[in-house]
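Asks: Each chain, letter by letter, is given below.
Protein chains: 2
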Amino acid sequence: MPDKLLRMARSAAGPVRRPVMLAIAGDSAAGKTTLTRGLVEAIGEDRCTALCVDDYHRYDREERKGLPFTPLNPQCNYVDIMEQHLQLLATGQPILKPVYEHATGTLGRPEYVVPKQFVIVEGLLPLSTKLSRACFDVRVFLAPPEEIRREWKVQRDCAKRGYAPEQVLEEMERREPESAEFIRPQRSHADIVVKFSPIAGRNDPPGTPLSAELLLRPTIRHPTLSHVLTDDVATAMHLKIMRDADGTPVDCLHVHGHAEREESRLLEEAIWADLADKGELPQKLGEIVPGQRSEPLAITQLFLLYHLVAAAQG
Amino acid sequence: MPDKLLRMARSAAGPVRRPVMLAIAGDSAAGKTTLTRGLVEAIGEDRCTALCVDDYHRYDREERKGLPFTPLNPQCNYVDIMEQHLQLLATGQPILKPVYEHATGTLGRPEYVVPKQFVIVEGLLPLSTKLSRACFDVRVFLAPPEEIRREWKVQRDCAKRGYAPEQVLEEMERREPESAEFIRPQRSHADIVVKFSPIAGRNDPPGTPLSAELLLRPTIRHPTLSHVLTDDVATAMHLKIMRDADGTPVDCLHVHGHAEREESRLLEEAIWADLADKGELPQKLGEIVPGQRSEPLAITQLFLLYHLVAAAQG
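Residue numbers (this note's numbering), protein chains in the order written: chain A, 9 to 322; chain B, 9 to 322.
Simulated from the structure, these hints should not be mistaken for laboratory data. Mixed in with the good hints there might be a few duds.
Same chains, same names: a pair is fine if it fits in one copy or spans any two.
[What the hints assert, rightly or not] 25 Å max Cα-Cα, derived SDA-like pairs, lysine to any residue: (1) Lys73 / Tyr120; (2) Lys248 / Glu186; (3) Lys105 / His65; (4) Lys124 / Cys84; (5) Lys124 / Glu49; (6) Lys286 / Tyr108; (7) Lys73 / Val121; (8) Lys73 / His246; (9) Lys286 / Tyr120.
All chains, full assembly: derive it from the sequences and hints.
Replies: As structure tokens, then:
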């Protein structure tokens with residue numbers, strides 16, 4: 009029935025402005041929300057829609073009890089509906105997003121979500137299928153070292169979700185095989201892999217922010233930084249060519265936790281200078297929690313903002 | 009970003025078989041569910057998906073209390089999401105359909121719906137927009153006389169939803185302006201308008217089934233019946249040319265409630281004979297409630313089945 013398709017297409021509203029789509033994938037407590045929060049604040053809520061795609065549960069908590077998989081498993085989720093909703097958002101259309109209530113472990117009233125100019129999608133599985141990946145302009149994977157992630161998860165789940173540390177660690181162990189099978193493979197499909205971690209071999213004083221390591225794949229065009237950064241790894245910020253797991257050359261941008269504000273400002277300006285039509289350099293990036301700031305986080309966020317603005321400019 | 013669209017399209021699965029879509033629109037208690045039930049039974053649940061599109065509520069019962077409109081009003085519904093879901097079903101894709109719980113008046117866990125070969129969509133507003141109408145192969149509007157509908161609604165809402173007759177009548181009165189503004193105009197967009205009613209001027213004994221009057225618009229090709237039916241209105245079944253409200257010629261098929269089984273069988277065979285590749289004539293149509301059968305309902309259902317099978321055969 010090609011005529012029906014044609015009628016449907018012709019009856020649809022005229023061409024809609026398609027939003028710029030950013031994916032931030034990563035395991036539980038990998039830092040997705042912290043990274044996203046700063047981006048939304050910099051762009052402004054009037055121009056930015058942020059959503060989490062971890063609500064496409066096929067089963068509620070009660071139903072999952074007898075099942076041989078955790079929510080990390082695609083079989084436990086309506087991945088086809090997640091793909092569908094990502095396509096709809098990517099073409100400027102609203103969705104009725106399912107809502108999973110963490111407090112009760114049940115599925116509740118869905119939420120009407122309209123994509124604004126920028127859409128940031130964070131979650132466990134947004135880069136898990138070919139179709140879902142095709143919906144994004146920029147794909148990010150967060151890959152902190154497992155010991156850092158464990159620390160963050162215990163901290164958050166105990167403080168905000170009322171669990172005991174042993175419970176959290178036990179659950180992480182139970183989920184590990186599915187983390188390995190379904191979450192971590194998304195790393196290879198990211199344009200940018202972000203790793204926040206302490207620098208190996210250094211004994212920075214407690215309270216020093218974690219360093220950021222950004223693996224920059226040539227799957228999208230990154231800002232030119234080789235004129236302001238060298239590959240001298242002894243400096244607080246450097247850019248170094250290396251080989252990706254599959255042998256292709258990639259750049260690796262390092263920003264150490266002890267980098268000075270003055271130093272990082274130069275890098276920020278270089279990143280922003282590469283935009284054709286740049287507004288003011290966004291301020292107030294890098295907030296971990298109110299009052300606690302990290303230069304490496306700020307630069308990571310600015311780097312993603314660069315890509316969002318560049319994609320919007322076509 | 010045409011490239012993103014292209015990537016999305018190319019990443020999607022190959023061409024899916026598109027289901028045949030039938031809309032049954034009409035006001036509350038117009039007989040939509042009774043009509044649908046027989047169709048699903050005749051086709052078989054393995055080949056037929058039936059759904060009601062009255063669950064796209066923007067507000068729950070509590071939130072509606074202060075609002076100046078009833079659920080009949082498009083403003084009270086996510087009509088854009090209903091359109092979206094109809095398009096998805098029409099192109100063979102699953103949806104996560106919202107669910108309104110009548111018992112509590114709240115929105116609950118959405119339901120995963122996969123379109124089978126035939127999709128029957130009943131509800132208050134499935135023909136209310138140009139885009140929603142474009143999703144259907146066959147569009148039906150149920151238009152019983154208001155006094156019949158009132159009787160049916162009081163009967164059902166008191167028996168099944170625990171209301172008192174005065175409450176039901178009061179609510180109908182409150183809804184009347186929106187019935188006139190939003191529900192009844194869909195009649196003009198139907199390929200077939202079905203009216204079950206007693207025959208004016210006849211005093212059939214109580215228990216005589218209602219007659220069916222099918223207005224057949226030339227917007228789709230109907231089975232040829234003029235060789236078995238005349239326009240002699242004194243007979244129990246007749247076919248009569250008349251002018252539609254806008255002046256275009258339409259056919260009007262009448263099946264009286266007192267039609268004999270033998271007589272109606274001839275008509276059924278004539279309807280079915282018009283199919284290129286006909287299976288067996290479906291039996292057991294026309295059930296109003298278990299044990300109570302109506303020839304006019306049976307023929308109406310068969311007529312719709314003809315259209316479903318014809319559309320499937322292209």
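Asks: If a hint holds in the structure, say so; if it doesn't, say that too.
Replies: Each hint tested on the structure:
Taking the shortest Cα distances, Lys73 and Tyr120 sit within 25 Å of each other only across copies (20 Å), while inside one copy they are farther apart (29 Å). For a Cα distance limit of 25 Å, the shortest separation of Lys248 from Glu186 qualifies neither inside one copy, at 32 Å, nor across copies, at 67 Å. In this assembly of identical chains, Lys105 and His65 lie within 25 Å of each other by CA distance both inside one copy and across copies; the values are 11 Å within and 14 Å between. Only between protomers do Lys124 and Cys84 lie at most 25 Å apart by alpha-carbon distance; the minimum there is 23 Å, versus 29 Å within a single protomer.
Taking the shortest alpha-carbon separations for Lys124 and Glu49, only the intra-copy value of 14 Å comes in at or below 25 Å, while the best inter-copy value is 45 Å. With identical chains, the CA atoms of Lys286 and Tyr108 are never at most 25 Å apart, being 39 Å at best within one copy and 47 Å at best between copies. In this homomeric assembly, Lys73 and Val121 come within 25 Å of each other (Cα to Cα) only across copies, at 24 Å, whereas the closest approach inside a single copy is 30 Å. When the C-alpha separation of Lys73 and His246 is checked against a cutoff of 25 Å, the pair qualifies neither within a copy, at 48 Å, nor between copies, at 61 Å.
In the homo-oligomer, the alpha carbons of Lys286 and Tyr120 never lie at most 25 Å apart, since the shortest distance is 32 Å inside one protomer and 44 Å across protomers.
The structure is inconsistent with the numbered hints 2, 6, 8, 9, although it conforms to all the rest.
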